[in-house]
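Peer 1: Here are the chains, one letter per residue:
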Amino acid sequence: MTAYDRRDFLKVMGAAGMVTGLGGLMWPLEAFAGASGKVVVVGGGFGGATCARYLKRWGPKLDVTLVERDSSFITCPFSNEVISGELEISEITHGYDGLAGAGIKVVHDEVSGIDPGGKSIKLKGGSSLKYDKLVLSPGIDFRWGSIENDQIATQEAMPHAWKAGAQTLLLRKQLHAMKDGGTVIIVPPKKPFRCPPGPYERASMMASYLKTNKPKSKILILDANPSHSKQAAFHEGWASQYGNMIEWVKDSDGGDINSVDPASMTVSNDFGDTYKGDVINLIPYQKASLLVANAGLTNKDGWCDVDMGSFESKIAKDVYIIGDACVAGPMPKSGHSSASQAKNCAAAIVSGLAGSEAPEPTYNNTCYSQIGPKYAISVVAVYRLKDGEIVKVSGGVSKVGNKSRVHKNESKYRVGWYKSITADMFG
Amino acid sequence: MTNFRIITRYAFAAALVGGLGFTPGASAEGVSRVELMASQCNSCHGINGAGAKPNPSIAGENKEDFLDLMQAFASGDEPTSIMDRHAQGYTEAELKMLAEYYSKQ
Ligand SMILES: Cc1cc2nc3c(=O)[nH]c(=O)nc-3n(C[C@H](O)[C@H](O)[C@H](O)COP(=O)(O)OP(=O)(O)OC[C@H]3O[C@@H](n4cnc5c(N)ncnc54)[C@H](O)[C@@H]3O)c2cc1C
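Chains A and B are the protein sequences, given in the same order. Residue numbers are given in my numbering: position 380 of the first sequence equals residue 376, and the series is strictly consecutive. Residue numbers are given in my numbering: position 46 of the second sequence equals residue 62, and the series is strictly consecutive.
In isolation and in its complexed conformation, chain A is listed as follows (with noise of 0.2 Å):
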């Protein structure tokens, strides 16, 4: 029984009273065993496995496969720690057995192309998947040149480490390779960008290596935009943990970088104030992973419109977007809105193939970002769909001048949630 036959048959049942049953009819028993179809999943991240996982979980006859180019995934949460040198990255690494023995089809190849009007995708290996309903969740891309200079091969010299993996590495070696009494830029992007809090835990991070192996060295922010995500309670916690180790620069004071130069290590601004600094972690401005532009499913900002309840793309039907590469009105790119929006995109697919209505969307965000040992802060939303759009009901920062033992306990709670979000991702 196909969806839209589930659909009338609901609808014819409710128009009759049906009250007292179907008498001696015989209708096949799997015919009522929820919600069937051929549903493909590009992206094994955040959204992409957490929504695979859940289709499966609310759809048990759901055909899911899961199309991600690499074998392993390595977490952006948590690797601001192996750039401290706290992790290994094994440590924020996970396969994708979890979601094969949850009778998931994984295929790791590279998604080339998308055909929505033929409901297939191409793949770089040469064959192709045919879908009814299609979800992509491929992060995120750079802007390359939004900064003069910032090409791609400017990641070598001034790593941006802003997708897990061998830039992290490469951050890190520089970091640990650093003399005492050195200087260390962060460059942040301007808005929007994943993970809103990410440079300055970064920063954090850094300072807490510094603070103990080079105790000499300064870390400056050059920051692109006039304030920060949790910025009265970063600047609390650097005081008390780091003194005047960390230094933050908003754009309007010399911060809005706009041309760098690999070669002698220094970054400028419009004013023609000039920084040098020993390491320099440059994160590019930031889009729609390049896979989604190139199928024509993003809008003029380089970002995927999308329905708010469903994740159902704006351009393309049958295709949902969910994850760092959609507009989700006040929700972060953050690995938990990731998830939030995927089991969302998750239960309006199962519904709908079952042919009943979906519920009502419930969404939420924490985020904690670690400021030192055991001292870590967050900020958390709940959020609801009014009149289509996302908006946030309840949430907030950690306040400022929280006790020692709240710190302490969004520190522990922080790797709770680690576990709790990559175990609901990778089983």
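Incorrect hints may appear among the rest.
To be verified - Within a straight-line C-alpha distance of at most 25 Å, the following computed DSS-like cross-link-like pairs (lysine-lysine) qualify:
id, chain 1, residue 1, chain 2, residue 2
1, A, Lys388, A, Lys101
2, A, Lys399, B, Lys120
3, A, Lys57, B, Lys69
4, A, Lys388, B, Lys112
5, A, Lys370, A, Lys207
What the hints assert, rightly or not - Which residues of chain B face chain A? A partial, calculated answer using Cβ under 10 Å:
id, residue
6, Val47
7, Leu52
8, Gln56
9, Ser59
10, Lys79
11, Glu80
12, Leu83
13, Leu85
14, Ala90
15, Gly105
16, Tyr106
Think of the hints as simulated: they come from the structure by calculation, not from any bench. Just so we're clear, the structure is a prediction, and the values are computed from it rather than from any experiment. Where is the CB? At the ideal position from N, CA and C, for every residue including glycine.
Based on these hints, arrange chain B with the ligand on the given structure of chain A.
Peer 2: For chain B with the ligand alone, kept in the frame of chain A given last:
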């Protein structure tokens, strides 16, 4: 959980085939509101709320205690690092649904 759901689905189908009376529920085959709400808790509290140390398990929690604690978080009566900011986002009816749901996990 999954097995249980499959069993209830088949029971539902069997009831139909057998001609037993029922009222078709719109979400009987899809995902219920409480399942979707509860799934949002899993990101910190583990799959089906079963916990991931040091984050507490909320599965199998007594439903009165669950509701009472969530309301105390929301009002500020119970000190917490982050649960006040979550609890305030749900209506009493929703908290009751979640309490009922987790008491059965
Ligand atoms: C330093 C740092 C710290 C962070 N800390 C946190 C944190 O503490 N908490 C938090 O919630 N978030 C955090 N984030 C943000 C989080 O990492 C992202 O928001 C999240 O990864 C977005 O999920 P996604 O599914 O959109 O993309 P991703 O998780 O990046 O997944 C995308 C996947 O798609 C694959 N892919 C892309 N294109 C293709 C293709 N063409 N074919 C096949 N596969 C493809 C990629 O290989 C990748 O595996 C942090 C980010 C950074 C940079």
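Peer 1: None of the hints should be skipped; say for each whether it holds.
Peer 2: Hints and how they fare:
1. A:Lys388 / A:Lys101: 36 Å, violated
2. A:Lys399 / B:Lys120: With a Cα-Cα distance of about 36 Å, the restraint between Lys399 (chain A) and Lys120 (chain B) is violated, given a limit of 25 Å.
3. A:Lys57 / B:Lys69: 32 Å, violated
4. A:Lys388 / B:Lys112: Answer holds: Lys388 (chain A) to Lys112 (chain B) is near 21 Å, not above 25 Å.
5. A:Lys370 / A:Lys207: 15 Å, holds
6. Val47: Nearest chain A Cβ about 4 Å off; hint holds.
7. Leu52: 5 Å, holds
8. Gln56: 5 Å, holds
9. Ser59: 5 Å, holds
10. Lys79: Violated, because the Cβ-Cβ distance from Lys79 (chain B) to chain A comes to roughly 19 Å (cut-off 10 Å).
11. Glu80: 23 Å, violated
12. Leu83: Violated: closest Cβ of chain A sits about 17 Å from Leu83 (chain B), beyond 10 Å.
13. Leu85: 16 Å, violated
14. Ala90: 8 Å, holds
15. Gly105: 3 Å, holds
16. Tyr106: 7 Å, holds
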